[in-house]
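Novice: Residue numbers are given in full-length UniProt numbering: position 520 of the sequence shown equals residue 520, and the series is strictly consecutive.
Warning: the hint list may mix true and false statements.
To be verified - Computed list of lysine-lysine pairs in DSBU-like fashion (alpha-carbon distance at most 35 Å, straight line):
no.: 1; residue 1: Lys117; residue 2: Lys209
no.: 2; residue 1: Lys355; residue 2: Lys293
no.: 3; residue 1: Lys620; residue 2: Lys634
no.: 4; residue 1: Lys202; residue 2: Lys293
To be clear, the hints were calculated from the coordinates, so they are not data collected in a lab.
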Amino acid sequence: MIKQIFITGTVLAICACTQPTPIATEDTPQAVDPLEYVDPFIGTDGKGKTYPGATVPYGMVQLSPDNGRTGWDWISGYFYPDNIIAGFSHTHLSGTGAGDLYDISFMPLTRPFHREKTEGGPEDGTIVSRFSHQNEQASPGYYQVFLDDYGVNVELTAGLRTGFQKYQYADDATQGVVRVDLGYSRNWDKTLDTHIQIINNKTIAGYRKSTGWASDQRVFFYSQFSQPIDRYTLSTNGVTSQEQSVSGENVAAEFDFNFTESNSKKLVSVRTAISSVSIENAKQNLLAGAPNKTFEQVKTLAQQAWREQLSTVEISADKENMIQFYTAMYHTALAPRVFSDSNGEYKGPDGQVHKSERYPRYEFFSLWDTFRALHPWKTIVEPTRTRELMASIMAHYDVAGRLPVWNFQGNETDMMMGYHSVPVLIDAYFKGLLDASGEEILTAAIQSATQNEFGLKSYQALGYVPFEERSWNVSLTLEYAFDDWAIAQLARSLGENEVYQTYQSRGQNYRNLFDPQSEFMRAKGVNGEFRRDFDPNAYHPEDYCEANAWQYSFFVPQDVTGLIDMMGGAAPFEAQLDAMFEAEQTVGEFPEWISGYIGQYVHGNEPSHHVPYLYQYVGKGYKTQKYVRQVMDKLYHTAPGGLSGNEDAGQMSAWYLFSALGFYPVNPVSGEYVLGSPEVSSAKIHLENGKTFSVQALNQSKENVYVQSVSLNGQPLQQFFIRHSDILAGGSLVFEMGAQPK
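Input sequences plus hints: build the corresponding full structure.
Specialist: Okay, here's the thing in structure tokens:
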């Protein structure tokens, strides 16, 4: 019998057992099935913007429900407080704050259709069904919901490039309908061209081409039904047709299935493969994706893929933290994702078809977010995958002529800022996880750093981006400086001394925006003067990217000691950190992205993520421990609104994973991880090299947040960080915890 596990009113997982697997203890470290501690609904309410549907690790398909509405809350298609569903589409974004995709939408129905006016829907109402969360479940690789208006139970699962849907109609149903809406679009997404064709009485195919966040999106599909189509109606822009093939901006189709005695189960299933290249490639993706396996077999394969993915780290913790940790691991494996077909082909950033011979091609690199912790996390738990991801970044460079900023669906979106491919590549290079040579990386990095766009021309001439030229000018300057510092480290390792000197100097450009009078980083004009009417609490004018002066004034991860000296030394620096955590947010109305705050520290967005760890640099590690635990305790929880900000393709979760284990990459190119306060009782990281790195937190409890002592491999640790090489060597990191600072 299927058992539902409810946490704070949310279905956590599905298991075919009568009791959940017990939580691990030190005596039973192998007792955990991590799937039972993953809740895909976490992040679907509030600011998280995740989706609950079915996918596999790094899967091309994200088969998930859409509520049919437009707006910030429905960026990922689904918003937990809603109570209607308009369809199940095959592509979704995980917590980006950008409204796009929702490609190839299916909806099982019975006549008459229920219509409801939805925000962003057509005037005559969107075809929807009401549903209840009491009849909804989700776990890794699986989603289920009962559609109240049609009496249809829907189950979803997925393979790498395929989605598998199962529709169980009511016992008294004599006919079922499946609607395919290729014109379905919401938020930033706009349909340009769609096509559908009937291949035979069980098979359909087509494509959807759209624009939005990414300007040239192409999704081809190939679908097979389990039952023969009794009759069909195709339409384009509302005009119906009985032809076998139609094209237009908004193509839709209705397929009727006759439930006779030979189909007494009233069951229709459909499996769909997608491709960025062609219908034929979508067909081959379907054939390559276990086309003869049953729904339950595909679901089992998806669960096994997730079990393997999540088992690289075993932890012992209380139940709440177990759920937080394994759900965070789940979220970190949703991006980037495979974009190439089973034959290696994919649409490139030049609009042409390319072929990846050695590795899958990945897309969906949210680099402004993920350079901070997500990619460093993958270098520990997935070095082989990291090598593949880096090959995709370089493949983008080979075709586009520059490294990606935020690439998506075979496009460069130039979303956000910086050239953060650079630190991600250089970190991987120093860790031995690149096929490309250091010289190739350096050439690509310098190309990014010497462009004349994105404020870089002024930055190179003045040492900062002036506020007259661009918004986000302070943020651009500070993040360019970090990326430049990373280039300098690569150049030094290659013996390129002149390049090293140039970029080491550029890495100090943060100093150009520091105002010693206010002790904040401030916008500066072309005349060298600071912008007047400065308010460090203000979010407008937007000199800072999704932040204010408090949050960005500490973004100098490449030179924390230099920042400390510039702020007057250890005591003034500590006082400024204290003030950040203690100052009130005074803005009357926050921008949408400001959330999850402690004083002026804002955890709901990335620029502050490293800040709690900066106390370690002035010998006040107990304050790092205090605030890190406070963030984990107050700003992460297991309800659907359990993320305090956008998941941002895994960065929000990667911060939690590192912090729960007791360390964090303040400078993600340094190969060092600054110590904090672990939330787990114990953990084992099973490394690809066959070794195990373990973490223990003795006397762990919610009250014992302060580290009394820490040792590495039995020896007292003499510094406030561990190195990447320490982890790869295997061994044991032991914290002794207590209730009072030491």
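Novice: It remains to establish, for every hint, whether it holds in the given structure.
Specialist: Going down the list of hints, with the structure as the test:
{"no.": "1", "hint": "Lys117 / Lys209", "result": "holds (26 Å)"}
{"no.": "2", "hint": "Lys355 / Lys293", "result": "holds (28 Å)"}
{"no.": "3", "hint": "Lys620 / Lys634", "result": "holds (22 Å)"}
{"no.": "4", "hint": "Lys202 / Lys293", "result": "holds (17 Å)"}
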